[in-house]
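In the order they appear, the protein sequences are chains A and B. Numbering-wise (our numbering), the first sequence opens with residue 1 and increments by one. Numbering-wise (our numbering), the second sequence opens with residue 1 and increments by one.
Read the hints as simulated data drawn from the structure, not as lab findings. One should not assume that every hint holds.
[Stated by the list, open to error] Dumping the calculated EDC-like pairs for lysine to aspartate or glutamate here, alpha-carbon to alpha-carbon at most 20 angstroms:
1. B:Lys-366 <-> B:Asp-330
2. B:Lys-214 <-> A:Asp-132
3. B:Lys-214 <-> B:Asp-229
4. B:Lys-317 <-> B:Asp-76
5. B:Lys-100 <-> A:Glu-271
6. A:Lys-143 <-> B:Asp-389
7. B:Lys-362 <-> B:Asp-375
8. B:Lys-366 <-> B:Asp-379
9. B:Lys-371 <-> B:Glu-92
10. B:Lys-317 <-> B:Asp-422
11. B:Lys-217 <-> A:Asp-132
12. B:Lys-365 <-> B:Asp-379
13. B:Lys-125 <-> A:Glu-271
14. B:Lys-366 <-> B:Glu-91
15. B:Lys-338 <-> B:Asp-76
16. B:Lys-338 <-> B:Glu-407
17. B:Lys-102 <-> A:Glu-122
Here the structure is a predicted model, which means the values were calculated and not measured.
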Amino acid sequence: MKSHQGWRLVLIAILVGALLSLPLWASRYVVLIFLLFGLHLAMAQMWNLLAGYTGLISLGQQIFIGLGGYSLAVLTVYYQLPIWLSILIGGGVCVLFAVIISFPIFRMSGVYFAIGSWIVAESLMIWFSNWDYAKKGMGFFIKAAYGVSLNQIYYSAILMGIGSVVLVFLLLRSKLGLSLMAMRDDEGASEGIGINAYRSKLACFLIAAFVTGITSGILYLNQVFIQPYNAFGIEWTVRLCFIVIIGGIGTIEGPIIGALIFVLLQQFFAEYASISLILLGVVSVLVMLAMPKGIIGTVQDKLAFEFLSPRRS
Amino acid sequence: MNQGQEKPSTKNGITRRRFIKTTSVGATSAIIAGTGLPGWVRRAEAAKRDHILIGRCNPSTGSLAGFGEPSPLIDDKAVAIINKNGGLFIEEAGKKLPVKVKMLDTESDSTKAAELAARLILNDKIDIMIALHTPNMVNPISATCERYGVPCIGLDAPIEPWLPGGPYRWTYHAFWSVAQDFYPVCIGMWPQIKTNKTVGLVANNDPDGIGFGKVFKELLPAQGYKVVDPGTFPYGTRDFTSLINMWKKEKVEILFGNVITSDFVNCWRQCRQMGFAPRIATVARALLFPPAVEALGGNLAQGITTEVWWSPHHPFKSSLTDQSARDLCDEYTKAIGKQWSQPIGFKHAAYEILADTLLRAKTLKKSHIIKALADTKMDTIVGPIEYNDKHYSRTPLVGGQWIKGREFPWELKLVYNGEHPDIPLTGEIKPVG
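Next comes chain A alone, as it looks inside the complex (with noise of 0.2 angstroms):
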């Protein structure tokens, strides 16, 4: 066990000294690709969080990549706050509306909670392309994102990938943890046994409010120009759909393997004009058809062997 322990260690060593030392030794590109990697893997691992382990398939994700976003734009733009501190005011935002909307949408479980959390994205979206001080549908430039370097936002962004899966990884060896397992096992009896199913749930939700609208502040720092189509799109969570999915939903590893896959497909198929999401598509049924339980999820059922457990050795 010890010596699994230490390849263990030495393994994450390696990858996290590989991506922390990355601008030093690759090219620019790679550096985008890997920044994009860490975005996306932070914003699925918040995906997973709901819909693997608390069993809150949400189709909302987007109102937060939105609301971090256009918390960003509007307070740089209009109240020249420092970049920074308004990416952190954006998390504080999301979490806000979180809590807000948890009222209504946590009333529903299942598929109605999927449908509930997407109409309130849908809804935000109209809100926002209809609202003059979010300058309606014109968007905005996030022109002091021009200041912040390609290295600084990359640092970013890799922090919040990582920093997601750490999160992750402690939040399930914790009470919390334990108490979402149980209740994703059988919600009824975990209730029996004292588990406040509603307070686990709404932890899970804001904390992925946070960590995902911190993150869209920081792929806005990247993208400079949101607009509330984008910004609001389903397009998100069919990303962080895909992420999970591939990779392994309800696994640790399962959106690091995912996102990686996502953002060199993505690359990759970027020069197939027009077929792109048709092969997107295709690799995704055929992930599907092959490995139901996902990349990692089918993995680890065949080696018995789980790289990143969440249960306490």
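Following the hints, position chain B against chain A.
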């Protein structure tokens, strides 16, 4: 140290020393590994190539596909002409270098346009970017060029929605202004038909739609027009009943707006179903292309007016080929059997500006390229281009009307040229229907 004597500092038996040891081993091996990686992964110096690389993010699919359709045909033809005698002279190479274009499909998605632009800049290391076709494409692409410091030639997106991204350093843009060009066309064209001067707005909730609505709401009342604004709507709206009822109630006789094709098709069909028939319908963006006009079905497009930024009748010539606008359109129709469309001229003009800039810059040094771009003063197939201190140049605009055609099912007649009498009229404006 003996493993057995090690005192675990955590529940899992990971000591601080062990963590530091493994982390440093990892980081070192990663750095060493980096030196043995393939070229595309490694940190690259300035790209040494035997050609000039141009980046193009084109909306080949999606809602803006009508704009993207003439690519890559028009792009390839223009590039072939530039390369006919070996390309453009570049001092650092000491010879002429051919131009190559790398084109990627944005799927009409502005997020994807920004991502692809970054990829073209960082991976393909393009020398210049060409950003075309509506603010949804030009805004994110030019923002990405500003971020990474790459010269960008923008065209085919109205000035007003693009300007807030400035002051620009790397992007130079050319198209018409809503307030200075589109507005005078409407104000000049509408009085030719007798109406009650009540204008109903129909606009999507996007930079184009809002930009147009804002300008017209501000300026029209001073000319004695009454504006009825039922509010903007998102893409994909299917039910226009409330808007149409409002226009009917307010006795709107001029319908004016800026919408995407699919939304206008739905809106216009419902207008007819509900018996709303304005005397004038001037719709920007939706009916620029013949397939969009045919999509309305039947005779529904008869008499709809739209902005014409370029046509075979424009009296301009290509600085690359000396071809007239008519020749370029005929060449396109001959090549693929399709009717001409307005973006053809602007796609071609982008390569004219590119060639002219590099002929003067004679280098691929980016700071020199933008200096040469700033000094641009030339005649292109879409008209004269000379950028001002805000980095834009206005191109001429006239008014057109769709009527049933002979050669093609629908033809765009030029019916108003008040601001540019050098562009000949080809028809007389008639009421809708």
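Output the numbers, in ascending order, of every earlier hint that fails for this structure. Hints 1, 8, 12, 17 contradicted; others consistent.
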